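Using the hints, position chain B against chain A.
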Amino acid sequence: MRILNASGCLDTLAAPEVARRLDAFVTKTVTPLPREGNAPPRIAEVAHGMLNAIGLANPGRDRFLADHLPGLRELGIPLWVSVGGFCAEDYAETCSQLTDLEAVELNLSCPNVDEAADSAAEIVLSCRRATELPLYAKLSAAHPNLAEVAQAVAAAGADGLSLINTLRAVALDQHLRPAVAHGSGGLSGPALKPIALHAVSVCREATGLPIVGMGGVETGRDALEFAACGARDIALGTVLFKDPGAPARVRAELEAACDDAGVVKPEDAESLAKSPETGRKVPA
Amino acid sequence: MQSLASPSTHRVTGSERIGPYTLLQLERGDLDPGVPGQFFMLEAPGRLLPRPFSLCLAPPGELAFLVDPVGPGTQAICELQAGDRISVLGPLGHGYRLDVGRPLLVGGGIGIAPLPYLAEQLGGSPAVVLGFRSEEYAEAAALLPGAEVVIDPVLVTEVMPGGYDVFACGPEPMLHAVAELCPGAQLAWEAPMACGYGACYGCVVEIDGALKRLCLEGPVLDAARVRTPVEVVA
Numbered sequence: 001m002r003i004l005n006a007s008g009c010l011d012t013l014a015a016p017e018v019a020r021r022l023d024a025f026v027t028k029t030v031t032p033l034p035r036e037g038n039a040p041p042r043i044a045e046v047a048h049g050m051l052n053a054i055g056l057a058n059p060g061r062d063r064f065l066a067d068h069l070p071g072l073r074e075l076g077i078p079l080w081v082s083v084g085g086f087c088a089e090d091y092a093e094t095c096s097q098l099t100d101l102e103a104v105e106l107n108l109s110c111p112n113v114d115e116a117a118d119s120a121a122e123i124v125l126s127c128r129r130a131t132e133l134p135l136y137a138k139l140s141a142a143h144p145n146l147a148e149v150a151q152a153v154a155a156a157g158a159d160g161l162s163l164i165n166t167l168r169a170v171a172l173d174q175h176l177r178p179a180v181a182h183g184s185g186g187l188s189g190p191a192l193k194p195i196a197l198h199a200v201s202v203c204r205e206a207t208g209l210p211i212v213g214m215g216g217v218e219t220g221r222d223a224l225e226f227a228a229c230g231a232r233d234i235a236l237g238t239v240l241f242k243d244p245g246a247p248a249r250v251r252a253e254l255e256a257a258c259d260d261a262g263v264v265k266p267e268d269a270e271s272l273a274k275s276p277e278t279g280r281k282v283p284a
Numbered sequence: 001m002q003s004l005a006s007p008s009t010h011r012v013t014g015s016e017r018i019g020p021y022t023l024l025q026l027e028r029g030d031l032d033p034g035v036p037g038q039f040f041m042l043e044a045p046g047r048l049l050p051r052p053f054s055l056c057l058a059p060p061g062e063l064a065f066l067v068d069p070v071g072p073g074t075q076a077i078c079e080l081q082a083g084d085r086i087s088v089l090g091p092l093g094h095g096y097r098l099d100v101g102r103p104l105l106v107g108g109g110i111g112i113a114p115l116p117y118l119a120e121q122l123g124g125s126p127a128v129v130l131g132f133r134s135e136e137y138a139e140a141a142a143l144l145p146g147a148e149v150v151i152d153p154v155l156v157t158e159v160m161p162g163g164y165d166v167f168a169c170g171p172e173p174m175l176h177a178v179a180e181l182c183p184g185a186q187l188a189w190e191a192p193m194a195c196g197y198g199a200c201y202g203c204v205v206e207i208d209g210a211l212k213r214l215c216l217e218g219p220v221l222d223a224a225r226v227r228t229p230v231e232v233v234a
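Taken in sequence, the protein lines are chains A and B. According to my numbering, the first sequence is numbered sequentially starting from 1. According to my numbering, the second sequence is numbered sequentially starting from 1.
Just chain A, with the same shape it has in the complex (with noise of 0.2 angstroms):
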């Protein structure tokens, strides 16, 4: 099980001491042009969790090429980028210019911005003809249907899924405004880890694609838990925050959780959370 960064969640830049203990570092979203992001406040803790609505600040697909994914790969860590749009030439345009890459992620599920008119199928698709970079689909659990929308991405070309992103919400503050600037934001944190391990569960029983499993791993427990439900790799987002060694410590968690759960690597808890010797099997 590798350990990986929710996109969006650490500067490898700012802190690459923090991206070298990661098996590999996803980018904050890149899109085609430059986005200052939203005016503060764009964060805001809530119970069990915090809301962000930074908007996808970044330098823009043309500077983030030529300036920043240099310096990425001078720090000789697995790269993934993640790439968002408007339409789906957006992001296929954009993947046509990426090589060199472990993964590309496809962030399909922005809660800060407006959806991409055309549909989660229909940019994988774009994508896939684009390039041959492997493509990681991050989808929202907010979809009604997310079964169908995993198999839609699957059937287009995705090489895995990314789940969850974000889920969009509203926190007010003690005068009953909105508690960030933009209204409405994304919550992350240990609220989203219930949320996560049932998607992950669904779409790995729908497409048996390799997950990267997010949303509230705090510990080598939740590491854990996402493996027991499919996830082939997980990613570290709001625990970042608060703790910059969370990547290593979550690995030696993961050591001690595997023992105490008596399997010798994460992926067989997979089997254990489908047991027929008890005859409970995780939800899909």
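It is worth saying that the hints were derived from the structure and are not from the lab. Watch out, some of these pointers could steer you wrong.
Now the stretches of chain A that chain B is said to cover, found in silico as 3 or more residues with beta-carbon under 8 angstroms [unchecked claim]:
#	stretch
1	5 to 11
2	14 to 20
3	29 to 41
4	49 to 57
5	240 to 247
Here are some chain A residues pointing at chain B (derived, C-beta under 10 angstroms) [to be verified]:
#	residue
6	44
7	45
8	46
9	96
10	189
11	190
Quick caveat: nothing in here was measured; it's all calculated off a predicted structure. The beta carbon of each residue, even a glycine, is placed where N, CA and C say it ideally should be.
Then chain B, alone, in the frame of chain A:
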């Protein structure tokens, strides 16, 4: 700055009320107190995210932070008692440059927080002007003996003498007013932060005409880097 690893755990050695504020003292452990104006992320017990605080005092073997209980996180920190333990990460960000000729420290409200440690590091009893909203808040001036203190409606900018190298910390309107009077001032800014090391992109402030992360650029900024809001002339 300490290498970015997991935060270290520190024992609370004391907690003292100063007016409405609480001066929280922690065992220093291996933490470097850093440069005045730098900040530390302190665990807020029972909350998901830590909270950023500049260092107020650095007694031998300890670190002390002045906390204003403005929300559930800061209230939880103010309720800590000797013997409790919290995790701490820091020092982070960029602090004040100390190589000036005639320092004047200007603080507004909880903006007094970094000034006692700054005065100590500057040495030679620098001039200090402090403004507070009421007598109760002004009790915090005891942290800087000899300071000139004004109470609302008198503003610190009305009593600031000219010809000094200004170090300021306080509410945004005060910092903008100080920047207007002293374009060379160093201003300690504030913003909500989830991480303190550039990961969350939450703490942006308009710096050099663009939204930039305060934790990486500041929190101490040259006045020239911060745009003064255009005043609407009636």
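Quick rundown of the hints versus the structure:
Only when three residues or more bring their CB closer than 8 angstroms to a CB of chain B does the claim for the stretch 5 to 11 of chain A stand; here the count is 4, and the claim holds. Beta-carbon proximity to chain B at under 8 angstroms applies to 4 residues in the stretch 14 to 20 of chain A; the threshold of 3 is reached and the given coverage holds. Three residues within the 8 angstroms Cβ limit are the bar, and the stretch 29 to 41 of chain A against chain B gives 5, so the coverage statement holds. Counting residues of the stretch 49 to 57 of chain A whose beta carbon lies closer than 8 angstroms to any beta carbon of chain B gives 5, which meets the minimum of three for the stated coverage.
Closer than 8 angstroms: that is the beta-carbon criterion, and the stretch 240 to 247 of chain A has 7 residues meeting it against chain B, so the requirement of 3 holds. A least Cβ separation of about 8 angstroms between residue 44 of chain A and chain B falls short of the 10 angstroms threshold, and the interface hint therefore holds. For residue 45 of chain A, the suggested interface contact is upheld, since its CB lies about 5 angstroms from the closest CB of chain B, less than 10 angstroms. Look at residue 46 of chain A: its Cβ gets to within about 8 angstroms of chain B, closer than 10 angstroms, so that hint holds up.
The restraint placing residue 96 of chain A at the interface with chain B is violated, with a minimum CB-CB distance near 27 angstroms, outside the 10 angstroms limit. For residue 189 of chain A, the interface hint holds, the least distance from its beta-carbon to any beta-carbon of chain B being 6 angstroms, beneath 10 angstroms. With a least beta-carbon distance of about 7 angstroms to chain B, the hint placing residue 190 of chain A at the interface is held under the 10 angstroms criterion.
Hint violations for this structure: number 9 only, all remaining hints satisfied.
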